[in-house]
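J.: Each chain, written out:
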Amino acid sequence: MNEITKIETTLKDWETDQEVRWCPGCGDYAILKAVQRTMPMIGGSPANTVFVSGIGCSSRFPYYMETYGFHTIHGRAPAVATGVKLANPELDVWIITGDGDALSIGGNHTMHVLRRNLNCQIMLFNNEIYGLTKGQYSPTSREGTNSPSTPYGSVDHPASPCAFALGSGARFVARGIDINKNLPDVLMAAHAHQGAAFIEIFQNCIVYNKDVFEDFAAKKTAAATQLWLADGEPMLFEKGEKGIALDQDAMALKVVDVVDGDWEAAGVLRHDVTNRSVAHMLVELQFGEFPMPLGVIYDDPKPTFESAVVAQNEAIAANKKPDLQALVSKGQTWTVTEDGPDL
Amino acid sequence: MASAAQVSDEQAVDSVVVRFAGDSGDGMQLTGGQFTLSTALAGNDLATFPDFPAEIRAPQGTLFGVSAFQINFGSRAIHTAGDQPDVLVAMNPAALKVNVESLKPGGLIIADSGEFGKRNLDKAKYENNPLEDGSLAKWQLLAFDISALTLEAVKPFGLGNKEALRSKNMWTLGLALWMFDRDRQPIIDWLNSKFAKKPEIAEANIAALNAGHAYGETAELSGPVKQAALPAAPADPGLYRTVNGAEALSLGLVAGAQMADLPMFFGGYPITPASAILHHLSRLKEYGVTTFQAEDEIAAIASAIGASYAGTLGVTSSSGPGIALKGEAMGLAIMTELPLVIVNSQRGGPSTGLPTKTEQSDLYQAVYGRNGDAPMPVISARSPSDAFECAIEAVRIATQYMTPVMLLTDGYIANAAEPWLVPDMGDYTEFPVQHMTQAQEGGFKPYGRDEKLARPWVKPGTPELMHRIGGIEKGVDTGHIDYGSENHQVMTNIRRDKVLGVANSIGDQQVELGEAGGKLALIGWGSTYGPIHQAVNRCREKGMDVSHIHLRYIWPMPKNLAELLKSYDHVIVPEMNTGQLKTVLRDQYLVDAKPLNKVSGQPFTIAEIETAIAEALG
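The listed protein sequences correspond, in order, to chains A and B.
In terms of the working numbering, the first sequence opens at residue 1 and continues consecutively.
In terms of the working numbering, the second sequence opens at residue 1001 and continues consecutively.
If you're looking for bench data, these hints aren't it; they were derived computationally from the structure.
Note that this is a predicted model, so its numbers are computed, not measured.
Backbone N, C-alpha and C fix where the C-beta goes; we use that ideal spot for every residue, glycine too.
Be careful, since some hints might not be right.
What the hints assert, rightly or not - In silico contact screen, one side only, chain B against chain A (beta carbon under 8 Å); selected entries: (1) L1251; (2) F1265; (3) T1312; (4) G1369; (5) G1372; (6) W1457; (7) P1460; (8) K1542; (9) G1543.
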């Protein structure tokens, strides 16, 4: 339902006249450009598009998109977006959130918007830190993170955004990197998915958590550290010399060597975006022992929330004629005349 | 007022208070509800007060598991559920113990002696059987084995013992219908439709109902029980029905949305006593109502704000603790200047407080309870039928002024029933909303203003009018982020003046009873209307100079209120809190308003207010 008619636009049509106020060098700039590049490619209509955000650095995003935009309150963007979409299912709704906004203060709403399968795109900018409040550790910060609120290192275990999303019932889960040229492809796939599309974007906070993803985000080592997934394609990395296979005994994934390009002989799995079991394994892979899975991890649509609500509303209302006077006069009634009750 | 027990055919009685009390599983609310219906159909005016425990099924026979339903009905206008019952129906020892002290001296007790065995007496902490030890001497007592009589009546239907005893409440209802000469047919019709799929259950209940009725008519009841027929109360001509506050409020919201020419979106989260509004609205889809049971209170209001942003009428509802959770989002609706109706069905607080008991202690929360200078119109319903009018008014203010509006009701109004003169929907003035579809002259200003200081309402999807809103301070006209100190002053003033301007559309405050000016005024709000009105009425009949003023508009208040209050020597503010409206009145008008407070979870009695009037004028 997202595209009624495709509109011809250019990147410029999606820029506002507002001065962008993120720190120079922030990964958010790259994501903004990637989105503005994506919108013409999907044939989006600025008037029909709504960006809804919560609170945090990422949540300033709507001010910079020449669309309708609602910068709401901390953690509540999915709930506001649910009202927007139920009120007008024709709108193309994008939720912009961060690791604290989506998984800490707004964790409940993130879970339920995914479970209900509202047709929208949810972009979670993960920088593993609270940027706007000046550098406290976040629910995705790794154990031992030093921050103003954890001067001796954080002791709690981080949440995994994609595992959280799948566990909440998401039907589309993908990953991207702020500066990666593939980001528009991931966003287009998310937009094409009918239902809640969850995208974790690794975003570099150059002030409070600089290069925290450098291990896998750095271009020069990307071949060995990034596993780009494509539906129907073998799960290969390191220029095809390594792949991901199933360790049948451990019921877990493992890295195997591929000799002479014969990935089938090595037992490398072919990526199937509708395989939920493998998706669960992919989002749980520990980086280091494994490369970082990127791209579309899971994509298996099912009916959307708003379409079910609208269908039920219409089915129940069909053949019923709204009559306010009849409605207020319902139940057992009696009439009083000038001479008293007429019983 | 004579007690029913003393009534003979010649004696005049103009109203009677009956309380049905039993175990929370005994069906007392059902009995009371059906008695209410038959009373309304007899043309009596009435008021009810359901009083039930928070536990769904409290342990049987215990004192805290007692559920009661009180009805006051009569041939004159009835404003309260009555102070003291004339008749108490006690289905077990616990029900007797909890309720008997409020029975009028000389009043009638009808007790099911079959339930007064040792076990139940122990549970109710009675050492001796009160039906036998003379401790009830100041009342009239009728004790008979309702359990056994019911079992006998339903014997032909072959029900199990437990199932058969469920009809006890209908037996009791039958007796009550006989006592007050009420028609059984509406109850029989209702039973037949309720148990359409289990005709044997319907038959058993009808048999029990008839048996109770026949018992009163033919059995060897000497003494107190006499048939007491109350003539119909004088009422304006028209079509009537009974309605409770939750239903009337739901209907009012639907009517308001239709008058605004908008679909309605209702975001709610279950909470006592507000859930009934969600239940009612979820069945009205053909009126353009979408209901959404959200994951929590915050999502309930946030989704309603999203729906308003998208151009429909957003509504949310809760009770005190849930309203507290919604506070931050209310600020967002104030900042983004979106229409929104927030219904608060108040209950006893703080915290979880008394979920099923009534209180008016959220006035501060409604008027002041947000961060920042966050003005919001607040209105309050005085009765179930008034909730209909107030809901329409809340929608009007929200959509005309582009602001969230808080509508206060309470647990008493939500649950209580009263006869309702069905309104003629043609009598209302509609207020259709015009969403902006074209920029103002000189270019689009998302925060431009009309003469009421309302900003334009633009639906996403409208070509050429794309704009961004949010919780950060807005620049005048443009709506762009603006942290400027001068801008914040200007915008804060605009938000204040816009809400104060609502007073231009609400007319003058009227005096309900008595004159404008005099020795004493009682000024109330919400569900205290009934007892205040009755008390003032009685005192005026005794020649006292006292008037009754009742506020619908809590914020902003009517423009003439300052002058009106200053025209009395004394002002008393009765409220079911520790003095919240009193504080606001003192602050706004520098009047020496005196508090009269009660926070027992029960409504004021008329006598309590009469005493306060007498003391003030003494």
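J.: Look at each hint and say if it fits the structure.
T.: Hints versus structure:
Below 8 Å, beta-carbon pairs count as interface contacts, and L1251 (chain B) has one with chain A at about 6 Å; its hint therefore holds. The beta carbon of F1265 (chain B) is positioned within 8 Å of a beta carbon in chain A (closest approach about 5 Å), and the interface hint is therefore held. Contact between T1312 (chain B) and chain A, as hinted, is supported at the beta carbon level, the nearest pair being about 4 Å apart and thus within 8 Å. Proximity of G1369 (chain B) to chain A is violated relative to the hint, the smallest CB-CB distance being about 16 Å (cut-off 8 Å).
Because the smallest distance between the Cβ of G1372 (chain B) and any Cβ of chain A comes to about 13 Å, over 8 Å, the interface hint for this residue is violated. Here the hint on W1457 (chain B) is broken, as its CB sits about 13 Å from the closest CB of chain A, past 8 Å. Satisfaction of the interface hint for P1460 (chain B) is found here, the shortest Cβ-Cβ separation to chain A being roughly 4 Å, below the 8 Å cut-off. For the restraint placing K1542 (chain B) at the interface with chain A, the shortest Cβ-Cβ distance is roughly 29 Å, beyond the 8 Å limit, so the hint is violated.
Hint status for G1543 (chain B) relative to chain A: violated, with the closest Cβ pair at about 31 Å, above 8 Å.
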